[in-house]
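K.L.:
The listed protein sequences correspond, in order, to chains A and B.
Residue numbering for the first sequence follows the working numbering, beginning at 1 and increasing consecutively.
Residue numbering for the second sequence follows the working numbering, beginning at 1 and increasing consecutively.
A couple of the hints might just be wrong.
[Said to hold, decoys possible] Selected chain A positions facing chain B (in silico; Cβ < 10 angstroms): (1) GLY49; (2) ASP66; (3) SER68; (4) PRO133; (5) VAL135; (6) GLY155; (7) ILE207; (8) PHE209; (9) GLY241; (10) PRO243; (11) ALA248; (12) TYR256; (13) LYS260.
Everything labelled a hint here was simulated from the structure, so no lab data went into it.
Beta carbons: idealized from backbone N, C-alpha and C, even for Gly.
Listed below are the residues making up each chain.
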Amino acid sequence: MAQEKRVSYRSRWLPWLLLAPQGLVIAVFFFWPAGQALMQALQRQDAFGLGTEWVGLENFQALWNDPSYLASFRTTALFSVLVATFGLGLALLLAVMANRVLRGATVYKTLLIWPYAVAPAIAGVLWLFLFAPAVGVVAHQLQAWGLPWNHLLRGDHAMALVVMAAVWKQISYNFLFFLAGLQSIPKSLIEAAAIDGAGPWKRFWTITFPLLSPTSFFLLVINIVYAFFDTFGIIDAATQGGPGQETAVLVYKVYYDGFKALDLGGSAAQSVVLMTVVIVLTVLQFRFVERRVNY
Amino acid sequence: MKPRILTSLAAALLFAASGARAQTEIQWWHSMSGPLGDWVNDLAKDFNASQKDYRIVPTYKGTYDESMAGAVAAFRAGNAPHLLQVFEVGTATMMASKGAVMPVGEVMKLGGVKFEPAAYVPAVAGYYTAPSGQMLSFPFNSSTTVLFYNKDAFKAAGLDPAKAPRTWAELVAAAAKLKASGHKCPYTTSWQGWTQLESFSTWHNVEYATKNNGFGGPDARLTFNGPLHVRHIEDLANMARQGLFVYKGRGNAPDAPFVSGECAMVTTSSSVYGNLKRSAGFAFGISPLPYYQDVPGAPQNTIIGGASLWVMAGKKPTEYKGVAQFLAYLSRPEVAAASHQRTGYLPVTRAAYELTDKSGFYKNNPGTDVAVEQMIRKTTDKSRGVRLGNMLQIRTIVDEELEQVWAGKKSAKEGLDAAVKRGDEQLERFQRATKS
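The following block holds chain B by itself, in its conformation from the complex (with noise of 0.2 angstroms):
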């Protein structure tokens, strides 16, 4: 009995072993949590099960910033993951830490697949494009800014719901007639520096930053404070004034009140969709970002949000190889296209876009291409995107002038020159500290 026993312990040990030196481990950090992170866990598992030389692990490490120094921290201390989904405004750390992270393009060559930039959405792609062409990071999931108003309201003030507010003349008449009829809140907006200045900026075809919006190089200084960018955040501090705008918090903590009916149009991230989806008790339509109608060259397109996956170096070829394999399945048109149809997020190649547009998807679903449409254009100088060192710091010192600016302490130009220099601090001190 004993001895078989021991065999059959010996058999199952040599064999756990030979599954595991067979099995390539690569683990991927991210910040994807309730439906987005079953959808992470989905993309994994599918992958683990269409192959066996590689297995994906993904974790969740917390929010985008969590995310980041925990990898920081792990890479300094050499265990850092394989795989690390960063949110867009680290791109410019991300690529100016060289020894830190293994560009794509080259993960693709060592890994023997077949790469081309060129399939991928260009104002997606370009964004995560260093200046010699070569990708640096994978598009994973991006969004950009749109309009969302509630039906359901509009109808109640005497508004035609299948009319959004295409101008930002519009959307303050719209917000006067919501408030009329009794609305407490008729427009609030998410991520302010982001679709108010930013955005707001490419959308218009104007400089946010010199040196194309910091993509010309590391010496590029903020320009936000220009006479459209004042004109426009002064309307919104009169709009603040008559109760048609009502600030309701930083970052995306405005999302919130716009599904639970508490005010009527929100202008924010295109994948607040999904949640829309699932939890609002209202009819909603989507539309793309107000502009002015005065400003030649506008509507151009809107900027990139979200996140892509960073490689990070120091690692195993074989672990490259399993990457590669990992991005080349992420990037197949229908996977590709089953993530931008479950999530809302923007899809990552021309294929995927076309793929979701034969199989009547966004007829199906109105509103669903709207993003698409904002940022499927050809872009300027002016409008590939925004890359600025210590990015995140320059959208906290906006918020923090902007608040001003709500609460009447400072006018807007004021607000803005304030930001600009103190912006223009991080951005000289992200130059120097990158420079050695």
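This is chain A alone, in the form it adopts within the complex (with noise of 0.2 angstroms):
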């Protein structure tokens, strides 16, 4: 554990005052809505809102009850593990890459961050047109090669599509923070690995990756938070959950019952378990995964 840092302030309300500007963001943008999701979660109310009912638990009932919510939860999993891997994955081989290069290193890294600025929905749409069947030229590529592709049809296609899309749209986020990350670590220690004869692949595992573990660390969570709440965007464009729900993950299903279905009470119930959910495997992270990262 690193020495801890008391700073002390000589007035009282100093300290206060200085935490208020970040303190009423969060009232504002997260307080205030997560409230207020959780008081219409024990609502039920007609689309225009002129009827409201407290049903109690209700919504929550109905939601355990159905199976093809239970079910999306295995969905949910089966993406947010896809996606964190792969983009972690893709993000680091492409930030050490990156590292190494000495010429045009500022194109390269232009070119790496610039899918960050894409909209999701423009993400999916993206993808989708590359692997449109029969007129995508990924798709009709992988037909010359003997792999029909039909999103439309097979759920472990539109899942595989869906990934892409998560994914590609991460890597940028991720791989400058590698990137930072990597040329933080002191050359020094590096070459002195080098002088004992540490080749590169064991100078990465046992300099370069435990060094970066702060780096990774931060990103799996904010990975696994990317996953579970920002990508309904890309499946509406590219999936719209199907085909049958392969695709439907938790938070596309609150985005369909809130804004397309105007249910709101169902929806808010199904933002509240996602809440539930993401702050509870951010708690599971911080006990068990944090304990193996050295700052």
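With the hints as a guide, dock the two chains, each given alone in a separate frame, to form the complex.
P.N.:
Printed below as a string of structure tokens:
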């Protein structure tokens, strides 16, 4: 554990004052909506909010009794594990490579960071075009290799498609942090290891990777949260949860029920469940994964 | 110099203020993009030019479900538009929201406009009419399900391009010939829930749901897992297995592969006509939805799609007067006829249909009357339409279950049974939510 730093203020109000802007932002953009979601989760409303009825836990009961909602947990778990694994793995690979490039490094970096500026729905549509059966460039090539691509009816293909779009969109962010992490590793350590005879592979696993662990941990948390919360745009544009419900992750159902089906109570109950899941996951990550992180 | 500038400025301000006071603005939210958006803007422009008291301000608010969600949010915040275009799927939700909407019949009365519901095409207006006989919303853009086919592809496959398949048996035979000639996608369908189950039901005069398909009350339950429905979905699944029917996605996604020439036949909304006329690189034909010959009473009539205009509650009387004027303007025979001919949507009034017929439009544009013919018929209790709560969710459930059938994971019976069971849960939920 690193040593704790303590700063003492002369005034008792100053620290609170300095915290106030951040506190206000969190209150307005997190606690207030979260409180509203909690309240709406216990209500049943018609679309226009003309009649509101307190129904207790009925919305949660309905979810519990809905087999497709329970199945969606499995879909979400698979989706987020795939997104986090590929997102982190590929970004790390790219960052290590980019870190070694001497000429034109800025060009590479800019190109790699670019996808982050693309809206999720656009990313979904982009990949949808590439993989559109019969007309998409990639689908066409796969067909030529004897691999008929059809994400409209094949659940595994559809999952692969949304994972690719979600990973592609997130790689830039991960890349940026990994690159910064790599550049803050003292060259002297790596050079010393090289003099002692460690090859590039060994140097990476024994020096670079452990020193990157705070970054990796931070990105793991962020990527899981991203996969859980931020991907409905991609899914709506690419598969709309289909075929069947094989790509209908939890957050997509929240979006669908709230904004398309106008069922605010049901949607709010789902977002409360989702919020709980993410909080639990984050706590678990801090308790168990963070132990293995060297700061 | 200075005082003169000031006075002219003041005059300008006064003029502007009085101008604003004299003209009542009416907000109209819609979901028409592209050429249809131009049509909506032209309607507003022409109406605004025709009189001085009111100004219609059309605003594009995204797709149908986006604009509806937007209007719901705006209503809750107290600034809903006056007029809202709502797709047919949202009709039951709007009807159940009594405090949020103002019946069109009442608006017309308030505006002092003579209003005769009988002037409107029955199969169209009937859908938007309450059990009490009061017209609740204004039928604006209505379409129905038809079959489009690629005449060039028919010719290449040795089929007669002048003869469209009238029955499902003929469609299967035509698809087989197309496939034999090397066609990769003989047949596909848009809006599978609407064309293959809803319209299919009314076309064969069988129930889609109890209580006259929901017209008789909110306790209706789904019945589209009957023998005829199972038979039809089974037939389509067989076609899918043989590569005669190729699934191209939900909603109107399958329209694109037909327009591009990839698919040779498509069952979809008649409103695709305008798009085809502009961008199809081949000769195409329009024909009525295929049917099963051995079913007594078939073909009956097909079902309505598209959208209607709802008047939102809580506005000023002068504003309602303006809305009434505008709706009356839209119903004028010459305006309604021009809209029908321009867009391919159904004529709203009988007079518009007759005017179009007299002008020779149908003769000069063969096929444009197919949709009208399918709709201008005496409807039965089973064929008047399908009006159910949470219809959006039911359509999605049908999409999900049919995809399982096309993929061979479920049989037709299993898929339809599951869809009915899940859909009924939605109906129960809607019934409970709107009771209060």
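K.L.:
Taking the numbered hints from earlier one at a time, note which ones the structure violates and give those numbers from smallest to largest.
P.N.:
Hint check: 7 and 8 fail, others pass.
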